Amino acid sequence: MTAAALPAPAAPPAREPEPLLSATDLTVTFGLGSSIAARLRHEARVLRAVDGVDLEIRRGEALALVGESGSGKSTLARALTGLVPLAKGEIRFDGRVLPARRKHSDQRRIQMVFQDPYSSLNPRLTVGSMLAELLRVHHVVPRSEVGSFSRELLGLVGLGEDALPAYPRQFSGGQRQRVAIARALALRPDILLADEPVSALDVSVQATILNLLRDLRAELGLTLMLISHNLAVVRHLCDRVAVMYLGRIIEVAPTETLFSNPQHPYTRGLLAAIPKLSTAGDEGAPAIAGDPPSPLRIPAGCRFRTRCPIAEARCEQEDPALRISADDSSHSAACHFAFSAAGAPAAG
Amino acid sequence: MTGAAGTGAVGTASAGIPPAGTGPMLEVRDLHVQIASRRGLVRAVDGVSFEVVKGDALGIVGESGSGKSMTLRAILGVLPPEARITSGQVILDGQDLVPLRQSDLNRIRGPRISMIFQEPMSALNPVMRVGSQIAEGPLIHLGIGRAKAAERALELMRRVGIPDPERRYRAYPHEFSGGMRQRVMIAIALACEPEIILCDEPTTALDVTIQDQILRLLATLCRETGVSLVFVTHDLPVVAQVCQQVAVMYGGRLVESGPVREVLHDPRHPYTLGLVRSAPDFDNVRESLVPIPGSPPSLISPPEGCRFHPRCKFAEEDCLVTEPPLRLLPGGRATACLHHERCIEAIEAERAAQ
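Protein chains in written order, with this note's numbering: chain A, 11 to 358; chain B, 106 to 459.
It is worth saying that the hints were derived from the structure and are not from the lab. Here the structure is a predicted model, which means the values were calculated and not measured. Glycine is no exception: its CB is placed at the ideal position from the N, C-alpha and C atoms. Watch out, some of these pointers could steer you wrong.
As the list claims (entries may be wrong) - Chain B regions said to be covered by chain A (calculated; three or more residues, Cβ under 8 Å):
#1 182 to 196
#2 224 to 238
#3 288 to 298
#4 330 to 341
#5 378 to 387
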């Protein structure tokens, strides 16, 4: 029932000539208040939340962005959506460079679903009026079809018609997240960026939203970028994973490759740190020691070296670039010791 | 450790840590907590009973609104003003804490029971130096001098892995990272050598790598000091990391309890089975997650009979009328399901299909 009103983007061609969305040397900075205090603390006055990121999203794929809080993953997503200005770099979308001020027609093609469905919906608007406003402003459908299209959208996310006259407060958390997804889909986007879409929800409800996202991908051919700190969720939903640390992408690989053959020591630590149902806890050394450094005091050289178990003198001087593996062109990592015997985890 | 009241110590054999004593350290009997709200009386905790053996860690798992945090707060006597214990007992080492006055409880909180909260930034005093906050407990409860208390605080900071304690002693909570703040909370909780520490989602606000550090620290401290833990969380894998025993709560009641591995791998209650099947498991990627249909029950007017029956795929006629008691099963386990054998069938069918 959805195919007519929400046309799926063209089937992916056999060989991808150009990614749907690509970022080159993307940098986002935030200026910080007091300059004197910053100078006294020997800190930079500019916080580089995203620091020279190159990233490609291919049509139809589901890409995951994982990392700890403060790694810049949400800022990267907001920059791609056009919600924060770039300090440097460019974003290409569908073959064109997107200008700093995007046109409405560009805005609607990249949509975002936010983490907290309690604060991202306007409490004073009914679901129906919220959707109608969007559809009118962006001229998605003729006025006479606004009602029927709204109903169709709600059906798509598994809500009934009776949701139209309801206010967000009348819904549970999972239902609100469905409304938020319907709102993002209303503009028929090519890319949906979902920023931690299930982390505010209860465990039993998370599954319904994850299944919904997976079904929408299959049904609409949607390109999805999922931001999550939960690697189990990522493994369930995504084709490719990019790992971020302190504003940089430090490893990119197809999901199963990343999980079975992680190359960056941070990725290895992240995988080891996840509590698992099947293994009992132990008291041994933690997977990664210490706290992530402040983004105001990014270590020179490799930015992970302060917590890295295999760091050497070289890591203090040379900042490793994101390198593509010689054996597997889909796998790249930003570590001097990646894809070599030296970087392999010590046996036992 | 077992979920049923008055059953004595059964089946500690599976626990990784040999119990130092035998009797239960903490026993909760038929606890009822009610909250007055505008829409009516909320039966937040409705007849919960469990025991914690010395040196053991008990995990209480449930979704938001299942009553797990209220149970924890009732044990410590720190319920919100609109909530109160209407009946039941909280027995710590033979003494019932429920009838005690606040002034008597103050002598118990700290030296005998302490608590670690989810959000260390709101649990710590923002205008007091971290070291003084850790030293405060020993100063008041252990009757030692200021210098001795400060020395003890430094030792505790070292023990919970705060680097450079001499310098950090004089720091304020805002100067610490989330993980370090939680270490401070743990140091405060340990300061008077309590018999039992209550943990309310202590790692939920932390990143995975920091959560991993804190969980390992808690496991180590538990073994070294012999302190018992009651660990409330919504995260099943976290329970598997820290606890030997687990109790699952739903709608204000305990629905299943027993040794962690057995309960999580071979549930005997459809709700536990649903929880395990709906969460994406890191080691076991399934084609599709199986959500639990519907939403948690209203605690003002809970469903008749079994509270889980409107969402249960195994529900039968009798589930609608009979409120199932928590019944004992072999191996120190207990379930509040009338048809728990259906879970075994479902798990076996699933294994056969693989």
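Outcome of the hint check:
1. 182 to 196: violated (count 0)
2. 224 to 238: Coverage by chain A is violated for the region 224 to 238 of chain B (0 residues, Cβ < 8 Å).
3. 288 to 298: violated (count 0)
4. 330 to 341: holds (count 3)
5. 378 to 387: Holds, because 8 residues of the region 378 to 387 of chain B bring their Cβ atoms closer than 8 Å to Cβ atoms of chain A.
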